[in-house]
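Next come the chains, spelled out residue by residue.
There are 2 protein chains.
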Amino acid sequence: MSLLAIPNVTGHVDDLWRNAEELARRFEQRGATMEVVALEGASPAVIGELRTTDPTATIGVYVHYDGQPVDPDNWDGHPFRPETRFDDSRVDLLDPVNPEWRIHARGASDDKTPFAALTAALDGLADASIERRIDLVFLFEGEEESGSPNLDRYMTEYAERLRADAWLLCDGPVHQSRRPQIGFGCRGYSGFDLTFYGADRELHSGHYGNWAPNPAQALAKFLAGCKDEDGRVTIDGFYDDTRPITESDRVAIDRLPDVERQLRMELGFETPDSAWSYGDALMFPTFNVRGLESADVGNQARNVIPTTATASVDIRLAAGDDPDRMVERVEAHLSRAGYTVLGHDPSPAERRAGKVAKLTRTPGSYRAVRIPMDSPLARLLLEAAATASGEDVVALPTFGGSIPLYLFEDILEAPVACVPIANHDNNQHAPNENVRVANVWYGIDLWSVLLTTDWGSIR
Amino acid sequence: MSLLAIPNVTGHVDDLWRNAEELARRFEQRGATMEVVALEGASPAVIGELRTTDPTATIGVYVHYDGQPVDPDNWDGHPFRPETRFDDSRVDLLDPVNPEWRIHARGASDDKTPFAALTAALDGLADASIERRIDLVFLFEGEEESGSPNLDRYMTEYAERLRADAWLLCDGPVHQSRRPQIGFGCRGYSGFDLTFYGADRELHSGHYGNWAPNPAQALAKFLAGCKDEDGRVTIDGFYDDTRPITESDRVAIDRLPDVERQLRMELGFETPDSAWSYGDALMFPTFNVRGLESADVGNQARNVIPTTATASVDIRLAAGDDPDRMVERVEAHLSRAGYTVLGHDPSPAERRAGKVAKLTRTPGSYRAVRIPMDSPLARLLLEAAATASGEDVVALPTFGGSIPLYLFEDILEAPVACVPIANHDNNQHAPNENVRVANVWYGIDLWSVLLTTDWGSIR
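Here the protein sequences line up with chains A and B, keeping their order.
Each residue of the first sequence is one higher than the last, beginning at 24 in our numbering.
Each residue of the second sequence is one higher than the last, beginning at 24 in our numbering.
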């Protein structure tokens, strides 16, 4: 709770320095060698190492210490005066602790809990004189909530000191069922904005309707032609590079707790978009229309044929998909539909030459990462989580969201897995962010197991 | 030009009264009985009659005297200081008059020219002692540019004094080729806003993409399914009530000047939306997506599955189409696609019950009107325009735009035709509105012919 009392809003560099220095201090107190480092124009990162006498492997630990912006007026308490709450009231931590209590503060779950869990585990092992069986290297980031703009530079600059046999990305929530969860990948990201064109001015829909081209109608037709009845993308080759579902993936997916009915109730809809189960859907790239715009609707609508219509589409990439190639396939689909695809607004001559579309790629695309479910690393982590929790662990082949895990593979040349601790209902990014005490305890237990396990199998 | 000097911005009631009184005075000077009338809450109308000794018919004359708002800064001159201009400079009207000169003022073409043409024709006939062969009744409206909100009330209130064998709606431009044009109908109007729903909150597109319903994708699919490759509407029964193209319609359409190439060049596109010719397209109802909206695009776009997607659609009705029935067919199309169609935002329970859509009808729908091309009225008007101009007259079965001509049929129980005078390039509704001198001359000639023609055939 004292760590949570240090404000950590992403971008507030002075506050972030205080967090970084406190983290370095805490890990140094436990025998680590730590350094707060800062690249030009970036918030600081903390790197370090904690060695042991007879390590079975070197494991990298990634945690981020910055948090989302806060609006204190909307909090029941205050984002940086941590308190323990239960049933809408504050409780006194000297009482016998109830595992359902929650600690409220910005960063409580996203993402300071791993620091508390790891230091508590280190203390517990020290108290009991139990030897650690792994070397640790640390990379604590202070810009994750700003989109990790310098993570690649930090990794490149300090690659030598960040060598590890595997990395654990300690962020995100466990399963909605409250069962522990290990994630073996995240999706990549790609996307584009697509604009179709009609006449070069808004046309009177009476004088020119039925004759002049309507870009909104054309865009609807194009988008409709990108998916079939089952929600599968029909763009040529869209799934060609996607890594097939293996037998071990299949087993894991089939064992995922069935939350579809619960989610449909919670989110207020009846009919899923596709014939895939929720678990299977995560294994394939998406083609999601995230926005549409053409002229105006409702009270603002005028009786015109619009001049342009734009769709914004994001593509969540599955393992194997190439960010650029996916957009190239969309471009090829447009070409087959008769469009000349431009990267800029068409000139009058280009508009008059035939059907034209402008396609601009969303910046910052990157590939997905997913390690095999039957790899030694996957097996070790699942076993550790089961030992720590005594529960059936959810083995998630991939999260649906996008995290640039590829940086670990490409720059640090190591496999990476996601080891979450926080409860799913943690109000992440929102007021009253919290972590459930039971989840903190799980985190301590999990790290105690991870630190004392023989990792030899993964090398 | 003195009439154009009286400001006539629609809604400026004091100015409109000055116009109305001046118009009454001018027609009274020429022997008519005129009255400025004003319904509660409405700008005034001018009604009146001009009888003759041996009329062959009674013809109603509709003109509107209000004009669009003005922004004097954007005019070369001043909207209410009329001047004659040519080649970007002011010219002196005492010079020998060039028919290509233009008179610039708000209302010059839309819609004060018919007043000048008619009074000049009356003066000419009086000077030459030529008898008129028709009785005239007048309805001069002062709210057309505000959407004619009280036209039905004026017609109903004064129906007795507005009895006529036919009405001439004197508004709009002649053909783009500068040839005279008579229009035998206008389209009706109907429309709706349609909203599809996804989850009840924006969903993370990574966690829920490929699974949770995307209303933008669903809307694209629905809209795409409303038209075929040839731009024809595929909604069941959409064209069922549309009056078929007759042989005389066919002849007229085939004789329309071919402006397609010119229009495509002017408007900056290559490929029309449909397999119809421009002339044929006007004979059928449209289904025009006039706006699309779902979440955001471009820099504002977020990686979400939108909660809703909305399309605004206007339907320009052809003769025979029923405004309500057309929207009912869209609703039936939605039902066949599995949607429950609501007139309101769905409740949480309605959202969870299955696929729902909200459809709200655009207020103010009305049917089209089109008189037969081979009717005596049509033949008489075409012949009069040919006599007046000495040119090949464009016989337009219907304008593409919507005017509530049905009021003439329903309330005044008379057929109506559109008799435009102004040039098409008149900057209507815009700065530097103008009328070409040659068109004013044509108007005077046309009215001279109309006033001296035997209209017996139309009774």
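It cannot be assumed that every hint is accurate.
[As the list claims (entries may be wrong)] If you only want the chain A side, here are some residues facing chain B, beta carbon under 10 Å, derived:
1) T76
2) L246
3) P267
4) T269
5) D296
6) Y301
7) S317
8) Q323
9) K378
10) S425
11) A461
12) W464
[Claimed, not checked] Heads up, simulated SDA-like pairs for lysine to any residue below, C-alpha to C-alpha not over 20 Å straight-line:
13) A/K244 - B/E289
14) B/K244 - A/R202
15) B/K378 - A/P295
16) A/K378 - B/E289
None of these hints come from the bench; they were simulated from the model.
Source: prediction; values computed, not measured.
For glycine and all other residues, C-beta sits at the position ideal for the given N, C-alpha and C.
Now for the hints, and whether the structure bears them out:
For A/T76, the interface hint is violated, since its Cβ never comes within 10 Å of a Cβ in chain B; the closest pair sits about 42 Å apart. Hint status for A/L246 relative to chain B: holds, with the closest Cβ pair at about 4 Å, below 10 Å. Hint on A/P267 is violated. Least Cβ distance to chain B is approximately 16 Å, over the 10 Å limit. Violation of the interface hint for A/T269 is found here, the shortest Cβ-Cβ separation to chain B being roughly 19 Å, above the 10 Å cut-off.
A distance limit of 10 Å between C-beta atoms decides the matter here; for A/D296 the minimum to chain B is near 5 Å, and the interface restraint holds. At about 5 Å, the closest approach between the beta carbon of A/Y301 and any beta carbon in chain B falls short of 10 Å, and the interface hint on this residue holds. Because the smallest distance between the Cβ of A/S317 and any Cβ of chain B comes to about 4 Å, under 10 Å, the interface hint for this residue holds. At about 8 Å, the closest approach between the beta carbon of A/Q323 and any beta carbon in chain B falls short of 10 Å, and the interface hint on this residue holds.
With its C-beta approaching chain B no nearer than about 6 Å, A/K378 sits inside the 10 Å limit, and its interface hint holds. The beta carbon of A/S425 comes within 5 Å of a beta carbon in chain B, closer than 10 Å, and the hint placing it at the interface holds. A cut of 10 Å between beta carbons decides the hint on A/A461: the least distance to chain B is about 23 Å, and the hint is violated. Interface hint at A/W464: violated, since its Cβ lies 26 Å from the closest Cβ of chain B, which is beyond the 10 Å cut-off.
For the hint linking A/K244 to B/E289, the alpha-carbon distance of about 26 Å lies beyond 20 Å, and the restraint is violated. Taking the CA atoms of B/K244 and A/R202, the gap is near 39 Å; set against the 20 Å cutoff, the hint is violated. For the suggested pair B/K378 and A/P295, the alpha carbons sit about 10 Å apart, so the restraint of at most 20 Å is met. Between the alpha carbons of A/K378 and B/E289 the distance comes to roughly 16 Å, so the proposed pair stays at or under 20 Å and holds.
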